[in-house]
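Novice: Here's the letter readout for the chains.
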Amino acid sequence: MKVGLLFANAGPFSQPEILAHLATTAENAGVESLWTVEHVVIPQGYQSPYPYSKDGKIPGGEDVPIPDPLIPLGFVAAITKKIKLATGVVILPQRHPVYVAKEVATIDLLSGGRMILGIGSGWLKEEFDALGLDFHQRGARTDESIQAMRALWRDGPSSFHGKHFNFGPAMSYPKPAQRDGIPIHIGGHSPAAARRAGRLGDGFFPALSEIPKLKELFALMRGEAVKHGRNADTIELSCMGRATLDSFKALQDIGIVRVVIPPPGNDKEKLSAGLDKLGNEIIARL
Amino acid sequence: MKAGISFANSGPFSRPDLFAQLARDAEELGFESIWTVEHVIIPQPHMPYPGSKDGQMPGGDSVAIPDPLIPLAYAAAITSKIKLATGIVIVPQRHPLYLAKQLATLDVLSHGRVILGIGSGWMKEEFEAVDVPFNTRGARTDESIQAMRALWSATPASFHGKYYHFHEAKSLPKPVQAGGVPIHVGGYSAAAARRAARFGDGFFPTIVQPDKLKEIFAQVREEAGKAGRDSSPIEFTAMAAAKLDAVKATQDVGVHRVIFGPPSSDPMKLRAGLERIANEIIAKL
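Chains A and B, in that order, give the protein sequences. Each residue of the first sequence is one higher than the one before, counting from 1 in my numbering. Each residue of the second sequence is one higher than the one before, counting from 1 in my numbering.
Errors might be hidden in some of the hints.
[What the hints assert, rightly or not] Dumping the calculated DSBU-like pairs for lysine-lysine here, alpha-carbon to alpha-carbon at most 30 Å:
{"#": "1", "chain 1": "B", "residue 1": "K174", "chain 2": "A", "residue 2": "K125"}
{"#": "2", "chain 1": "B", "residue 1": "K124", "chain 2": "A", "residue 2": "K163"}
{"#": "3", "chain 1": "A", "residue 1": "K82", "chain 2": "B", "residue 2": "K81"}
{"#": "4", "chain 1": "A", "residue 1": "K175", "chain 2": "B", "residue 2": "K124"}
{"#": "5", "chain 1": "A", "residue 1": "K125", "chain 2": "B", "residue 2": "K162"}
{"#": "6", "chain 1": "B", "residue 1": "K81", "chain 2": "A", "residue 2": "K163"}
{"#": "7", "chain 1": "A", "residue 1": "K270", "chain 2": "B", "residue 2": "K174"}
{"#": "8", "chain 1": "A", "residue 1": "K268", "chain 2": "B", "residue 2": "K81"}
{"#": "9", "chain 1": "B", "residue 1": "K226", "chain 2": "A", "residue 2": "K268"}
{"#": "10", "chain 1": "B", "residue 1": "K269", "chain 2": "A", "residue 2": "K175"}
{"#": "11", "chain 1": "A", "residue 1": "K82", "chain 2": "A", "residue 2": "K175"}
{"#": "12", "chain 1": "B", "residue 1": "K81", "chain 2": "A", "residue 2": "K81"}
{"#": "13", "chain 1": "A", "residue 1": "K81", "chain 2": "B", "residue 2": "K269"}
{"#": "14", "chain 1": "B", "residue 1": "K174", "chain 2": "A", "residue 2": "K57"}
[To be verified] Derived, one-sided and incomplete: chain A residues facing chain B with beta-carbon distance under 10 Å:
{"#": "15", "residue": "R95"}
{"#": "16", "residue": "V98"}
{"#": "17", "residue": "G112"}
{"#": "18", "residue": "E127"}
{"#": "19", "residue": "F165"}
{"#": "20", "residue": "A170"}
[What the hints assert, rightly or not] One side of the interface only, derived from the structure: several residues of chain A facing chain B at Cβ under 7 Å:
{"#": "21", "residue": "I79"}
{"#": "22", "residue": "E103"}
{"#": "23", "residue": "T106"}
{"#": "24", "residue": "P174"}
{"#": "25", "residue": "A177"}
These aren't lab readings, by the way, just hints derived from the structure by calculation. The beta-carbon is built from N, C-alpha and C at its ideal position, and this holds for glycine as well.
Go ahead and model the full structure; you've got the sequences and the hints to work with.
Specialist: Structure below.
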């Protein structure tokens, strides 16, 4: 079983010294992946409910620094060798796939093939408004974007002709180091996310840890995969968790391949101690 | 005089080993900056490239042109002094909310070493591929500069333009550099000179002839005067051949920073080439 760390770019981890410490210490402790989060802006006084907390607000408040999710992965690529570099998530329909495809291909090349692209379709309507995008098209734009990026990652001239995105034949080089393109993991815990993962995902990452709810979502995802002639067993399952051996094992029993947890501290000392414990008491025993 | 290396991300320098070597060696040998280039996509066919006689892009249409910002983040992690610059990012093809956040992220990670060189683009087909009307590129560039500066200086920030429109949006972190990331306007058209005069922290015309440089710098000063700006803080950058005479000639017309292409893409010869420029040109200015 693999262990990842989420929020690797936000809050204190926006600072280079702490980010570098997190990345290198995590790699040494056997952590498999680092996951960054995204909100390009937080509109003041937003009303859309944040789906991952009880109070419906973004953790850390409106003034928490949330750097771009991709730039820090380029930074980490230079000072690590093994750890996977992942987004959890990029809000895909807010960006143009021609740019996302090039950005993550660049990270993949610079890191020797360590990129995982976790994507979400967004929930903060006011953020779409600030970008001049229609919130209600987010699902359709996400689906098209996934297919457009995969077209761009294949060798030779690329084309995609959809309703929202339309280009080609066109050249986009470099290609990712991973031959088959960068794995795309679908984030979110809505039925739409589960179905999208079944249809299009290399992985599925509902950001929760309740076993009955996860089982429900996985069943929905599998059904959709079968409907589209796909083998659901090839879709890698990740979820959030708590840093205890028992909770990891319970998640492993329902087919989870990767558990993602927050970093065990906000400063170098707590990170070193927490990651040491994580490596010795949990990762080594999985 | 400052010296930089351009095309730091493209072709063979898209490979991490060679790129890392270029960044480290350039810093060690006293180069002030490295500059990355951009084309996110190259549609087939496309209008002729204005920078070459035959209209072909250097290296052809399947040359590797990585994203211009990610490699600078990679370089930020393995260097400590050298400035990290784009030369250029095609600004009107991107949304300023994203570009401002990416640049701020990079500035924080590099302790304030970022220079944003911008262009307004020339390849109509590239704009079509990313759904941006080509004939709005100038106006979008002007708005984008102002929108980014609003995001870098205020929390929350608002901007109400024709193409970009946001109200009380919080974008954190802010860049480390006071006043935000410096914006250097690239290009050699009258529009570029005017834009540099009105908005630029720097001007980077992609021409090498000293007489033409002199002429366009005069134009920038004149336009700045018209806009009520003091032109003396506007930093002038130009490309030059790696020859002492050529570089001295650009210095004589007021260039503050000279940019060279990488002297070699052979890992065995790159350092020697950089050393030659450092010792035989930069040291003698």
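Novice: A separate judgement is required for each hint: does it hold in the structure or not?
Specialist: Evaluated hints:
1. Under the criterion of a C-alpha separation no larger than 30 Å, the hint pairing K174/B with K125/A is consistent with the structure, at around 23 Å.
2. Under the criterion of a C-alpha separation no larger than 30 Å, the hint pairing K124/B with K163/A is consistent with the structure, at around 21 Å.
3. For the hint pairing K82/A with K81/B, the CA-to-CA distance comes to about 27 Å; that is within 30 Å, so the pair holds.
4. With a C-alpha separation of about 23 Å, the suggested pair K175/A and K124/B falls inside the 30 Å cut-off, and the hint holds.
5. Pair hint K125/A plus K162/B holds up; C-alpha atoms about 21 Å apart against a cutoff of 30 Å.
6. Using a Cα cut-off of 30 Å, the hinted pair K81/B and K163/A is violated, with the two alpha carbons roughly 46 Å apart.
7. For the hint linking K270/A to K174/B, the alpha-carbon distance of about 26 Å falls within 30 Å, and the restraint holds.
8. About 24 Å separates the Cα atoms of K268/A and K81/B, which keeps this hinted pair within 30 Å; it holds.
9. With a C-alpha separation of about 53 Å, the suggested pairing of K226/B with K268/A is violated against the 30 Å cut-off.
10. Only pairs whose Cα atoms come within 30 Å are accepted, and K269/B paired with K175/A is accepted, the gap being roughly 27 Å.
11. Between K82/A and K175/A the CA atoms are separated by roughly 20 Å; this keeps the pair inside 30 Å, and the hint holds.
12. Restraint check: the Cα-Cα separation between K81/B and K81/A comes to about 24 Å, which is no more than 30 Å; the hinted pair holds.
13. Pair hint K81/A plus K269/B holds up; C-alpha atoms about 26 Å apart against a cutoff of 30 Å.
14. Between the alpha carbons of K174/B and K57/A the distance comes to roughly 22 Å, so the proposed pair stays at or under 30 Å and holds.
15. Because the closest C-beta pair between R95/A and chain B is about 7 Å apart, less than 10 Å, the hint holds.
16. Annotation: V98/A was flagged as interfacial toward chain B, and the flag holds, the nearest CB pair being 5 Å apart, inside 10 Å.
17. Hint on G112/A holds. Least Cβ distance to chain B is approximately 7 Å, under the 10 Å limit.
18. Look at E127/A: its Cβ gets to within about 8 Å of chain B, closer than 10 Å, so that hint holds up.
19. Among the interface hints, the one on F165/A holds; its C-beta lies about 7 Å from the nearest C-beta in chain B, closer than the 10 Å criterion.
20. Against a cut-off of 10 Å between C-beta atoms, the interface hint on A170/A holds, since the closest Cβ of chain B lies about 4 Å away.
21. Given hint, I79/A at the interface with chain B, holds; its Cβ is 5 Å from that chain's nearest Cβ, closer than 7 Å.
22. Using the Cβ-Cβ criterion of 7 Å, the hint placing E103/A at the interface with chain B is satisfied: the shortest such distance is roughly 5 Å.
23. Of the supplied interface hints, the one on T106/A holds, with its beta-carbon coming within about 4 Å of a beta-carbon of chain B, less than 7 Å.
24. With its C-beta approaching chain B no nearer than about 4 Å, P174/A sits inside the 7 Å limit, and its interface hint holds.
25. With its C-beta approaching chain B no nearer than about 10 Å, A177/A sits outside the 7 Å limit, and its interface hint is violated.
In summary, the structure is inconsistent with hints 6, 9 and 25 from the numbered list given earlier, while agreeing with the others.
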